[in-house]
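Listed in order, the protein sequences are those of chains A and B.
Positions 1 to 153 (our numbering) are the ones given, in order, by the first sequence.
Positions 154 to 869 (our numbering) are the ones given, in order, by the second sequence.
The hints are simulated quantities; they were obtained by calculation from the structure and are not laboratory data.
Keep in mind it's a predicted model, so treat the numbers as computed, not measured.
By construction, the Cβ of each residue, glycine as well, lies at the ideal position given by its N, Cα and C atoms.
Be careful, since some hints might not be right.
[Claimed, not checked] Using C-beta positions, here's what the derived DEER-type ranges look like: (1) B:Gly502 with A:Ser79: 34 to 42 angstroms; (2) B:Ser439 with A:Ala142: 22 to 30 angstroms; (3) A:Gly31 with B:Val626: 32 to 40 angstroms; (4) A:Ala142 with B:Pro406: 42 to 50 angstroms; (5) A:Ala116 with B:Asp501: 51 to 59 angstroms; (6) A:Lys12 with B:Pro722: 49 to 57 angstroms; (7) B:Met394 with A:Gln60: 25 to 33 angstroms; (8) B:Asp441 with A:Lys12: 49 to 57 angstroms; (9) A:Ser87 with B:Leu721: 32 to 40 angstroms.
[Said to hold, decoys possible] In silico DSBU-like links for lysine-lysine, alpha-carbon gap of 35 angstroms or less: (10) B:Lys345 with A:Lys149; (11) B:Lys352 with A:Lys6; (12) B:Lys333 with A:Lys117; (13) B:Lys714 with A:Lys149; (14) B:Lys333 with B:Lys345; (15) B:Lys352 with A:Lys12; (16) B:Lys817 with B:Lys714; (17) A:Lys149 with B:Lys333; (18) B:Lys474 with B:Lys714; (19) A:Lys149 with B:Lys751; (20) A:Lys149 with B:Lys817.
[What the hints assert, rightly or not] For the chain A half of the interface with chain B, some residues (derived, Cβ under 8 angstroms), not all of them: (21) Leu30; (22) Thr33; (23) Cys39; (24) Ser79; (25) Gln86; (26) Cys97; (27) Met127; (28) Ile140.
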Amino acid sequence: MAITLKINGEEKSVEAPPDMPLLWAIRDMLGMTGTKFGCGVASCGACTVHVDGEPTRSCQAQVGDLEGAEITTIEGLNSDVAAAVQSAWADLDVVQCGYCQSGQIMSAVGLLSENAKPTDEDIDSYMWGNVCRCATYTRIRAAIHEASKRMEA
Amino acid sequence: MNIKTTRRAFLQGATAASAAMVVGLNAKGAWAAGHGGDFVPNPFVRIAPDGSVTVVLKHFEMGQGTSTGLATLLAEELDAKWEDVGIEFAPADTAIYMNTLMGVQGSGGSTAIANSYMQYREAGAAAKSLLVQAAASEWGVDASEIEVQDGMVSHGSNSASFGDLVGMVPEGATPNPQLKDPSAFTKIGADKLARKDSKAKTDGTAIFAMDVMPEGVVFAVLKRSPKFGGTLTSFDASAAMEVEGVVDVKQTPMGVAVYATNTWAALKGREALTTEWDFSNAETRSQDEMEAEYAAAMDEAEGLPARAEGDTAGALEGAAKTIEAEFHFPFLAHAPMEPLNSVVQIKDGKAQCWDGCQFHTVTQGAVGAVSGVGPENTSIETVYAGGSFGRRANFSSDYEVEATMAAMALGDGRPVKLVWSREDDVRGGYYRPMTKHRVRAGVDADGKLVGWHSIMANKSIFKTTPMDEAVVVDGVDIFSVEGVADTEYAIPNMSVTLHDMETAVPMLWWRSVGHSHSGYAMEVAMDMAAEAAGRDPVEFRQDLLAGAPRSLAVLNLAAEKAGWGGDLPDGWGRGVAVHKSFNTHMAQVAEVSVTDGKVKLERIVAAVDCGVPVNPDVIRAQVEGAIGYGLGHVMRQKITFTDGEVDQSNFPDYEPLRISDMPKVEVHIVRSSEAPTGIGEPGLPPAGPAVANAIYAAMGKRVMHLPMVDDGVEFS
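Excised from the complex, chain A in its bound form (with noise of 0.2 angstroms):
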């Protein structure tokens, strides 16, 4: 069946069953490919998109559930916290493999988002659920203070 999402502002019609997750809506069905498939479960959050502004897993979420939500992809960040966020991150050369940072800096827009100013422990417990294989934590977490930084400048 067909089914209308609001992804970035613009309407899109993809015709899937109703059970089928966000995430392949996205990537296979719409070929918007900066949200990843890590591992399917919600354990890794590679596939974090916004819906309504809250980081959600879209392996998680349904696509039939989603009719009318704001749904935001890395594709479709334009605010002034992802543009501190996304500039810190490039600035300290964050990545390394790259794959799961799609998710951690929709995380991280998330959690700046909702505190402005971190510490490390609201970073680690908020950001707990983004796995990076190639351990770049020390990095992120140093990422987000210098967002943070730049969100009061």
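With chain A's structure known, arrange chain B on it following the hints.
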């Protein structure tokens, strides 16, 4: 025809002679071949009329920073402006893009910078010399008086950008590469040079194999034998074909392929598939049985000699004190963040493979052979790899061959994208070999280490591979015992023996290979020996490394920077380890805290000597990452078996290191002038034992059975 395809055709048509050209032998007319307006002085770089410089990468990028490293080497000698430098992955073409330390086009063994250091510098210098000749000819001045800086060529009041000079290199000009004295480097060794892959990896535009979906692509997953070595006897696809989106189901030599219009439908179709297997040649043992066989082998026989120096038995017998330790290291999966996948299209007598390709020569050969079109008709488009840790390189190119077989079984010329789920990955074999390692060591009355006996048991990685003859010596795979048999410690009486175990489970190099376990056993047992000798662990090691100045220097540097011997808060402990691997010298001091019996990793101070540090910030990143990757596995990751089936399946039960586990890491880099050596792997081996020694210092517990949670260690 666009520039890209023209250049590719040029590169693929080039011969070994053009590879030789970059060492300045003969490049006559090489750049004059048609290439869509770009200046292509050699197969490693091209310069566009707009001044942009593209460095062609013979190594893939799995996060290790090689794309930045190769660009640094070339741009240094070219004197390009860093912001103008872009990167592009080379096609599979072994004659041009061989890893000179491996003999094939491919990446591994922490060799990328080591084997490219001179080659990419020479390629940059050769290109610069031609631009200089173009300017000299244009301005009528002597080439030796021309200066080049940041992409600009100048002489007196004359100046031209690289882009201005494209198309002006005189016919017949010969490159005259002159390498800089290292004191003139501005990029090599610069403390911070922005990574070339950062931006695309922070805005979602970086393309991994998982993101490659050519026109007409069919998504596929494969149902494999649940036990290694099983063979398919029958299957029933009727329920699978009922799943919305499933388009076909086919048997392949590697399992049953389920094809669909999207990955999710393929996965659901596979769940609905029923299969029957013959396990008569399969691994059907459980973990306890396998471990008991390892232990029995070690009890019953001496094993194959891997090192025998002096009179170890006599030395241990005469020792004032001896220590004994028995270590267990589990099978481990690599579990790179991007599950394995590859896209293969076979059409019109040609095969095309899109892949985060680590082993170009092998994969080109395998896809060419399996598809029947031959390697010469097989092209590989390399894209970013979402991690590997060794997994994407193996002698059978397993997942690319699966994709090829799936494309052949479908047989209609459409591109087939074969995706592994995380469960496929965790259960897919090619593991770090399970290893048991017993150590007996003795010290004399003066506190000197006088004898060391290591008995090891594991399955060889290299036996039956094309490298068998090269690395298996008298039955001993040198990678099974590396890190012990070739230790730098001056131990007067030392013997290492190996029991070569068998299982149908495929083994593979896993970040730092044999060092991933040998470093742990060596360095924990060394701490026990130091304790038996009544000596400080750093001082005890200093003595034994007197003849290994570079390792001694990093040991001293790490100890100094960590404040070795200084006070720590109550409940904290400090531990040290030093281990050479991939020709790189690495020492680490770990600090842990213990609260209510629970251990927290607080800080690791690392000191590294990897020769000339080409990109210090990439080196720091690799050490940080190798420490984290290693420690996650040391803490709680393992692969085990029940009746031949893998017990774990996904991250909830193959629990990776998370951000809250990650200690602070400081990396101190020796400003060496020696040739560059590896950095992707050497950060891993010392991390585990440094932490184990810190845990002992904090709570008096020796941890010898990995993962640590299986040895009674609780983490906060």
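- Item | Earlier hints that do not hold, by number | The structure breaks hints 1, 2, 3, 12, 17, 21 and 24; every other hint is satisfied.
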